[in-house]
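Asker: Generate coordinates for the entire structure from the input sequences, incorporating the hints supplied.
Top line first, the protein sequences correspond to chains L and E.
Read left to right, the first sequence gives residues 1 to 160 (the working numbering).
Read left to right, the second sequence gives residues 1 to 151 (the working numbering).
Treat each hint with caution, since some may be false.
[As the list claims (entries may be wrong)] Simulated DEER-style distance windows between Cβ atoms:
1) E/E132 <-> L/E126: 18 to 28 Å
2) E/E104 <-> L/A80: 24 to 34 Å
3) L/V9 <-> E/R114: 33 to 43 Å
4) L/R84 <-> E/L40: 17 to 27 Å
5) E/P18 <-> L/N46: 30 to 40 Å
6) L/P125 <-> E/T22: 18 to 28 Å
7) L/E74 <-> E/L40: 32 to 42 Å
8) L/G16 <-> E/T15: 38 to 48 Å
9) L/S121 <-> E/S13: 31 to 41 Å
The hints are simulated quantities; they were obtained by calculation from the structure and are not laboratory data.
Just so you know, even glycine gets a beta-carbon here, dropped at the ideal spot from N, CA and C.
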Amino acid sequence: MHFFEDIEVGQRREAGSFTFTAEDIKRFARQFDPQRFHLSEEEGRNSLFGGLAASGWHVASVCMKMMVADGQREAREAAARGERVAVWGPSPGFRELRWLQPVLVGDTLSFAGIVEAKRTSASRPEWGIVQIRNSGTNQRGELAFSFLATAFVPRRDAGA
Amino acid sequence: MTLTFEDFPVGRSGTFGPRHVTREEILAFAAEFDPQPMHLDEEAAKRTMLGGLSGSGWHLCSLMMRMMFDGFIGRAASLGSPGVNELRWLAPLRPGDDLTLEVEVAEARVSKSRPETGIVTFKGVAFNAKGEALCEMVSPIIISRREGVRG
Numbered sequence: 001m002h003f004f005e006d007i008e009v010g011q012r013r014e015a016g017s018f019t020f021t022a023e024d025i026k027r028f029a030r031q032f033d034p035q036r037f038h039l040s041e042e043e044g045r046n047s048l049f050g051g052l053a054a055s056g057w058h059v060a061s062v063c064m065k066m067m068v069a070d071g072q073r074e075a076r077e078a079a080a081r082g083e084r085v086a087v088w089g090p091s092p093g094f095r096e097l098r099w100l101q102p103v104l105v106g107d108t109l110s111f112a113g114i115v116e117a118k119r120t121s122a123s124r125p126e127w128g129i130v131q132i133r134n135s136g137t138n139q140r141g142e143l144a145f146s147f148l149a150t151a152f153v154p155r156r157d158a159g160a
Numbered sequence: 001m002t003l004t005f006e007d008f009p010v011g012r013s014g015t016f017g018p019r020h021v022t023r024e025e026i027l028a029f030a031a032e033f034d035p036q037p038m039h040l041d042e043e044a045a046k047r048t049m050l051g052g053l054s055g056s057g058w059h060l061c062s063l064m065m066r067m068m069f070d071g072f073i074g075r076a077a078s079l080g081s082p083g084v085n086e087l088r089w090l091a092p093l094r095p096g097d098d099l100t101l102e103v104e105v106a107e108a109r110v111s112k113s114r115p116e117t118g119i120v121t122f123k124g125v126a127f128n129a130k131g132e133a134l135c136e137m138v139s140p141i142i143i144s145r146r147e148g149v150r151g
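Answerer: Laid out in structure tokens, this is it:
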């Protein structure tokens, strides 16, 4: 993972793709979002979504999964090169989360993030604050999901 | 009876829960979706900004969704949500927390493009048993209007 100083506005990061199976969609829905269109193919077809659709929170959680996996892969590579590894802090939240297209059974989303802004933190000088627009694009090239994430990123020379 | 758009006037509010959150479910969610040390490893978590094992923020969101489903969405003519305007993670979710969720209707309007539906914007705040706010979100949900009501 990068330190604050290594991050530039406009940087894009590909985080890999994920295919949503019926089993995954229903398992998440049973636990967290058991609305009928997330649980049954037939109810999904009769809904605005037009098919069995993943819960929006499932899509968001899978996006996090892909971002974390990509960050950990990058950290392993940096460690193998003998570089210091930046451990990112927690996120204070996000804005503008959009579920733009239904994510239906069998859909594959490719996740990516683009840095939109960065600034230092007045109250926490060892951290910077970075805003990243994360997105999921389906196999037809349609933007299905996006949000503007905020994260605390360690500064290189602040005793991280 | 199914709740429709008309049942969600601005200012209407409700409190839902408590929902007990176990260490096992925090670890299970983190292992699948957010395997960062602060969500998985007690010792490593102590050295992070959160100062101890905490649930993934996305787990908390998903729990809030479930509490809203059990509270009212499960009985409402919900057609889904276009997104979340804003969400703030204010304090960490801890193993053993008992969550309550306060929900208020912030805005309600008939959809221009689909006049048989309305868009209800909810503000939800999740609290722990000490009354600390853990997460605050503002999110619209599309809800059908009562049968026969059009335009």
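Asker: For which of the previously enumerated hints does the structure constitute a violation, in increasing order of number?
Answerer: 2, 6 and 7
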